[in-house]
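Engineer: Below, each chain spelled out in residue letters.
Number of protein chains: 4
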Amino acid sequence: MGKVKVGVLGATGTVGQKFITLLKDHPFFDITDLVASERSKGKIYKEACSWKQEVDMPEQVKNMSVKSYDEHLEAKIFFSGLDANVAGEIETYLAEKGCVVISNSKNHRMDVDVPISIPEINPEHFEVCKHQKSKGFIVTNSNCSTMFLAIALAPLHKKFGIEKLIVSTMQAVSGAGYPGVPSLDILGNVVPFIGGEEEKIQIELKKMLGTYKDGKIVDADFVVSAHCNRVAVIDGHTETVSILFKNKPTVEQVKEILANFKTEVQDMDLPMSPEKPIVVMEEENRPQPRFDVLKHKGMATFVGRIRKCPVFDIKMVVLGHNTIRGAAGAAILNAEYMYKKGLLKDII
Amino acid sequence: MGKVKVGVLGATGTVGQKFITLLKDHPFFDITDLVASERSKGKIYKEACSWKQEVDMPEQVKNMSVKSYDEHLEAKIFFSGLDANVAGEIETYLAEKGCVVISNSKNHRMDVDVPISIPEINPEHFEVCKHQKSKGFIVTNSNCSTMFLAIALAPLHKKFGIEKLIVSTMQAVSGAGYPGVPSLDILGNVVPFIGGEEEKIQIELKKMLGTYKDGKIVDADFVVSAHCNRVAVIDGHTETVSILFKNKPTVEQVKEILANFKTEVQDMDLPMSPEKPIVVMEEENRPQPRFDVLKHKGMATFVGRIRKCPVFDIKMVVLGHNTIRGAAGAAILNAEYMYKKGLLKDII
Amino acid sequence: MGKVKVGVLGATGTVGQKFITLLKDHPFFDITDLVASERSKGKIYKEACSWKQEVDMPEQVKNMSVKSYDEHLEAKIFFSGLDANVAGEIETYLAEKGCVVISNSKNHRMDVDVPISIPEINPEHFEVCKHQKSKGFIVTNSNCSTMFLAIALAPLHKKFGIEKLIVSTMQAVSGAGYPGVPSLDILGNVVPFIGGEEEKIQIELKKMLGTYKDGKIVDADFVVSAHCNRVAVIDGHTETVSILFKNKPTVEQVKEILANFKTEVQDMDLPMSPEKPIVVMEEENRPQPRFDVLKHKGMATFVGRIRKCPVFDIKMVVLGHNTIRGAAGAAILNAEYMYKKGLLKDII
Amino acid sequence: MGKVKVGVLGATGTVGQKFITLLKDHPFFDITDLVASERSKGKIYKEACSWKQEVDMPEQVKNMSVKSYDEHLEAKIFFSGLDANVAGEIETYLAEKGCVVISNSKNHRMDVDVPISIPEINPEHFEVCKHQKSKGFIVTNSNCSTMFLAIALAPLHKKFGIEKLIVSTMQAVSGAGYPGVPSLDILGNVVPFIGGEEEKIQIELKKMLGTYKDGKIVDADFVVSAHCNRVAVIDGHTETVSILFKNKPTVEQVKEILANFKTEVQDMDLPMSPEKPIVVMEEENRPQPRFDVLKHKGMATFVGRIRKCPVFDIKMVVLGHNTIRGAAGAAILNAEYMYKKGLLKDII
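These protein sequence lines are chains Y, Z, A and S, in that order. Per the working numbering, residue 138 is the first one in the first sequence, and the count goes up by one each step. Per the working numbering, residue 138 is the first one in the second sequence, and the count goes up by one each step. Per the working numbering, residue 138 is the first one in the third sequence, and the count goes up by one each step. Per the working numbering, residue 138 is the first one in the fourth sequence, and the count goes up by one each step.
Any given hint could be a false lead.
To be verified - Straight-line Cα separation of at most 27 Å, DSS-like style, residue types lysine-lysine; simulated pairs:
#1 Lys-161/S / Lys-432/Y
#2 Lys-199/S / Lys-392/Y
#3 Lys-140/S / Lys-445/S
#4 Lys-142/Y / Lys-183/Y
#5 Lys-337/S / Lys-301/A
#6 Lys-189/Y / Lys-140/S
#7 Lys-432/A / Lys-199/Z
Claimed, not checked - So these bits of chain A aren't anywhere near chain Z, every CB distance computed over 12 Å:
#8 His-163
#9 Pro-164
#10 Asp-220
#11 Asp-248
#12 Asn-384
Read the hints as simulated data drawn from the structure, not as lab findings. Remember, it's a predicted structure, so these values are computed and weren't measured experimentally. We put the CB at the ideal spot given by N, CA and C, even for glycine.
Next up, chain Y with everything else stripped away, as it sits in the complex (with noise of 0.2 Å):
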């Protein structure tokens, strides 16, 4: 039996580099459709694409014809890094037409009926798609600086109950795509704002770690305030996070906690999860994304620096990768755990 056929939305984007990157030789999935704006349209990839990872373009795209969504595909199932401008009506225009989109776009996170999905820590989320109205149906995943926030805080947020937390983040600049920010503003500089980006975490972090009750997510009833920050990295978001708990833990309680959290991911054999979700680290100055965040394909969450806060209960520094666990990367195990798990039978 042959591989699924996938289609890349925003192909020649940031994003969409990295999920044809990190698709090369994938054992599940062939990519058979690589989408773009109508600027592309007709070129074949190679050409339309100002490639910027550092490694070089899989053989397989290189010749392949840039597409439009709204012509034939081959593919059912679309993995989506689109520019937010477009990616609204796109993904609803595919699942309409019966196929799945996982997203990396911020559009559909905040539906009702759309989950923002992790395996290892929501996945009766998936649940919800039920409830969509399309014959296909979308799902998502957070935003970057959110997703390990998001990984790191689960655990700790099941056993003891977070109540309120206040996350400050230093973020790569490749977070902001291509060209993204010029570096003329960040060279030797630190930008404190990004647009939008502190209510997604505020907002979004909430949905993720709620409860999946009656076809319906509850928000996780904690309050978050976020401080957002761009720095001179290429890869990897460093967050400092102060958290309140309703039920008080111990440092050592909260280490043994993440060090030891494991879920059936872990055994499920999927070639983007990592060995476990969350790195406990113990050395005084890390986890730091120039040694760190390559590591376990980069997809693991690094926790470091656990120790009492003053102000609340709990203070730490965490660290992924952006563009891999915190977009293309988490796309890609959404859906290796949703074909395992079945959940696609219904339309590839």
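Chain Y is fixed; fit chains Z, A and S onto it per the hints.
Structural biologist: The following block gives chains Z, A and S in isolation, referenced to the frame of chain Y:
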């Protein structure tokens, strides 16, 4: 009448070099003594020092002989940029010999009879020096990352009463001196740890915003939690802060109080004093170290993005120049203030 | 008698902003016209412009209305920082209307009757303007990377005769304007290509060091090979040069001639003129952009590491500030020189 | 039959760590000895070493005891990443005891009976080792910045005869080891000097491209001039080169010869060998360290922008990974080649 003779302790180090740079052609003070370690003793300054400033070494100091702290020194007033491992002893020695030491080093900051002084926010703290038992006395300024917070928070604390605050810093490499941070550790990286820094912020801030009463400084009674990070910036510490107040201010009130903050210092014609201690920025993405930190002689504290905090009351971004307002410039301003107020007149 | 009215063409761009910054409180010139593209026309400057300077926008220009080049303009003297795609036509239009255009744009540089002027090295080239057919005239300065080479080589060429030279540049991102170089392309990277730059150095240098004879500029007869690279520096182009001379100088002679280079410009009290056009550095690892480029108002050319070249005769390192001496500052110095020499008096 | 036991000299340093990283799970070699200075002796490796690699420390070495070079060592084959101030003596000591030292240090490179070996370009140079008087022998690889030049130039020199060349480098900070270059010296900066580096390129290159004749290596007879610069790049030296040939090639010939360069090494199944030693790039702005340097295991030499030089014949850009192909990887490839060729069989 001539200028006051001053000496620089730790003259070959990063802070020492900044003292020399800022004291060039100073209307009140004239450098007569450059003091450094045994290793440099007897050498002429330009040979003892690996000059790392962006302006040329002032002619005046080039051929001065570097002295040891325990030989004959002409000055009675000393600026100290000594390393913490020797500062404690040498500063005490000089104070006991009848000198005034205006120190940027941490050693004496938490001594009960030594103030951490900022003329604009706690001028009454100078009083505590009278209780020092030596013939001379010691005055300190705070750790660089605490400085900007203290200035930005002082008028708010006075008016509304701070209860709790959580701060996350993104600090420049110049704060670590020279050679300091290896490039392999910080290029394209964030280091989420600076040894001892979080503790300094958590403790010094409460002393600086404390009350002088009955010959003593009584710490402010709020609680602080700090997360300290190093980023690839040359000069300028950026800090994100969330603050809980006893009496709830509006965002507009906070902006107004900070923008209008003015003290007697602004009317005293002190060369190192900025026109306004605090500059409130309204642009959504400011302040930024690259574009703002050198304005107003590097002596202003920049506050931006003042807005509601979903968890506490107010959140904002604070920026200052760590080696000027946060170190050498702060010490010189202390000296200028003391000179004009007559606090040095028994010594010189 | 009042100041001369001047206008800035391309006022909202990077070079335009630098013109405005450097013309603040200028003793000869007063900005009366800010000219930009249709898109900005009619807006007040502070709203039309994304200000990217490290000092505040001068009060004077904040509320000036941005004009179009073809409406009524008060000034007769214009500084041009226009984009190459419009500069040619607009500069010609204004010259024909009787204005003097002192341009930083490349379009007219190689016109036979337009000089590429540096008052210190080829003041006689201004003569060629008399052959321009318009009522006014156009004067240009060279491409930024050529500028420092031309200044450093002029006194050597005069004395020893350059035969061949090979130069390799490491150029700052500010040379590409704003938004210019994406951070994803330059953080932790070197881009060994800058479109059109090598050709400019190879051609402009020969015109600038050429001879004015019988109403014409005759190119210098040496051969140049340039390698141009972009590096992660904000301001300052560093260039390594190997030079073959007709008459062989010693290293000491080269140092002496460069260190003592002085022209009438140094005695003319021109605000933009550096005390010395060339600063020779003896330290083994200088000049460096970070530590040197802002010295002497950003108007000096720094030359260091003058030594024997095993292949040619002499090799050395040249550094200059690309947006000041290499662009806006050079144009202003041209204007100041022309003003003092009476070359503008028929126009103003 | 088991793997060959190997030791790493200077195991805690930057090059030592890279040896350990690259030797993990090596099919021919097995690390049995980690040798470092007195200070580390007796400690277990993970405590003796400040690990600065982007992958985790291999389990195998974590708890190995660090040894001194003069105690009992199991291996007979040693990779040396020793500091130049001790390498000379220790390497000689081990060779005299009958070991093979494959060294990345500079000390013995210019010894008349020690080759600077690159299997792809001068395999016949290994012969010279027979003239070493010790029981074992020493083989070196070149300085990192010379390596890529040597590889890129070897096939051209063979075919067309190089007469002269001028090279200007932009070298990564990892070349200076750890802590190496202070961040205050290189952030946003270029340092146009690297101690001893220019001389190494100028001398080593001629030996490497020299001819083995009558038991001796006769230097190539061209002349080299090098300009060496440090830039804010982590890994990857970029070099611009202008070359004068005895027999004039066309640009197309140069491209063809480099692109088709292939040696017996490519057919020997050596784990460290790149598929092709030289990768010719046709994009106008490549190679670039950030995007290319890690391809082909960091073992390829990238050549781009091959074009006419107005002063010499050909100019081009050369890039390689300085700590892999330029250091540890080169030494391991030497070892692999010698192992397969039977050059180690008398020793092991």
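Engineer: Now look at each hint and say whether the structure bears it out.
Structural biologist: Results of checking the hints against the structure:
{"no.": "1", "hint": "Lys-161/S / Lys-432/Y", "verdict": "16 Å, holds"}
{"no.": "2", "hint": "Lys-199/S / Lys-392/Y", "verdict": "23 Å, holds"}
{"no.": "3", "hint": "Lys-140/S / Lys-445/S", "verdict": "49 Å, violated"}
{"no.": "4", "hint": "Lys-142/Y / Lys-183/Y", "verdict": "20 Å, holds"}
{"no.": "5", "hint": "Lys-337/S / Lys-301/A", "verdict": "25 Å, holds"}
{"no.": "6", "hint": "Lys-189/Y / Lys-140/S", "verdict": "40 Å, violated"}
{"no.": "7", "hint": "Lys-432/A / Lys-199/Z", "verdict": "18 Å, holds"}
{"no.": "8", "hint": "His-163", "verdict": "21 Å, holds"}
{"no.": "9", "hint": "Pro-164", "verdict": "23 Å, holds"}
{"no.": "10", "hint": "Asp-220", "verdict": "23 Å, holds"}
{"no.": "11", "hint": "Asp-248", "verdict": "37 Å, holds"}
{"no.": "12", "hint": "Asn-384", "verdict": "34 Å, holds"}
Hint violations for this structure: numbers 3 and 6, all remaining hints satisfied.
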